[in-house]
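Q: Sequence:
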Amino acid sequence: MSWDKESVLRASDTVGDNGTLWLLYLAGNTAVGVGKTSNAEQHIGSVRTLAQDGGLPDPGHSDVMSGYGNITRRVVEDADGNRSPINVDKKSNNLLQLTTLGKQLLTKLDRDERVELAVREQIGMDVDMPTEPWWPYGDPNEAFPIYMRTFAEHSVLDEDECKIEVVSSFECGKCHTDIEHSYKVLMRDGDLVNGWSRTVSVDCENPNCNLTFEHLVGDPHSEPAPK
Numbered sequence: 004m005s006w007d008k009e010s011v012l013r014a015s016d017t018v019g020d021n022g023t024l025w026l027l028y029l030a031g032n033t034a035v036g037v038g039k040t041s042n043a044e045q046h047i048g049s050v051r052t053l054a055q056d057g058g059l060p061d062p063g064h065s066d067v068m069s070g071y072g073n074i075t076r077r078v079v080e081d082a083d084g085n086r087s088p089i090n091v092d093k094k095s096n097n098l099l100q101l102t103t104l105g106k107q108l109l110t111k112l113d114r115d116e117r118v119e120l121a122v123r124e125q126i127g128m129d130v131d132m133p134t135e136p137w138w139p140y141g142d143p144n145e146a147f148p149i150y151m152r153t154f155a156e157h158s159v160l161d162e163d164e165c166k167i168e169v170v171s172s173f174e175c176g177k178c179h180t181d182i183e184h185s186y187k188v189l190m191r192d193g194d195l196v197n198g199w200s201r202t203v204s205v206d207c208e209n210p211n212c213n214l215t216f217e218h219l220v221g222d223p224h225s226e227p228a229p230k
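Residues in the sequence shown are numbered consecutively from 4, following this note's numbering.
Any given hint might turn out to be false.
Unchecked claim - The calculated DSS-like cross-link candidates involving lysine-lysine, where the alpha carbons are at most 30 Å apart (straight line), are:
id, residue 1, residue 2
1, Lys166, Lys94
2, Lys93, Lys106
3, Lys187, Lys177
4, Lys94, Lys106
5, Lys177, Lys230
6, Lys8, Lys166
7, Lys106, Lys230
8, Lys106, Lys8
9, Lys187, Lys8
10, Lys166, Lys93
11, Lys166, Lys187
These are calculated hints, taken from the structure and not from any lab test.
Since the model is a prediction, treat every value here as computed from it, not as a measurement.
Go ahead and model the full structure; you've got the sequences and the hints to work with.
A: In structure tokens:
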């Protein structure tokens, strides 16, 4: 299953502004509705607060529950054409229990700041544009085996020692799911420390695959290898 910016924005449009508030809330609270059920009524206040913190008027109880109904009844479609609602409530008890496709969508929304900002902007929320991605050894390139970049301030290049957050993305070689994760790397005098010797591991997010990959933390030309 694969979500990209365009398919996430289409899903947001499908569930409407009030449904999208639920997406943004659930993306930031990944334990809700994952592996267990939770009653939507318990989260209404948090969704209303999220809206107001983002510069929107208080949507009110009725509109928030209308948004819950949208993520439960309306069918969204990812970039690969997989279709399902985001939430399932088989007993009509206002339960939050994310579908597999819904979990994948919220993972993308939670981990890709640019997608989150585009979604917030689409429904009229306040947005702060992020720093452009960059890499200490040439521009980030999505054509490399690993799309490796950082959003840290460029001033880190002048520091004696600091840690930067690296975001790495690549495609699962088995099921073609997009994998993205982040991790910290030590930088000393503008160079990554052990960038070409230290490895990091990440699991494929497709529940039907579950491969674990390992790759070098600082080499975008290295191929991710199954462990």
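Q: Compare the structure with each hint and give your call.
A: Hint by hint, here is what the structure shows:
| no. | hint | in the structure |
| --- | --- | --- |
| 1 | Lys166 / Lys94 | violated, 48 Å |
| 2 | Lys93 / Lys106 | holds, 17 Å |
| 3 | Lys187 / Lys177 | holds, 27 Å |
| 4 | Lys94 / Lys106 | holds, 20 Å |
| 5 | Lys177 / Lys230 | holds, 13 Å |
| 6 | Lys8 / Lys166 | holds, 28 Å |
| 7 | Lys106 / Lys230 | holds, 24 Å |
| 8 | Lys106 / Lys8 | holds, 16 Å |
| 9 | Lys187 / Lys8 | holds, 25 Å |
| 10 | Lys166 / Lys93 | violated, 46 Å |
| 11 | Lys166 / Lys187 | holds, 6 Å |
Comparing the model with each numbered hint stated earlier shows that hints 1, 10 do not hold.
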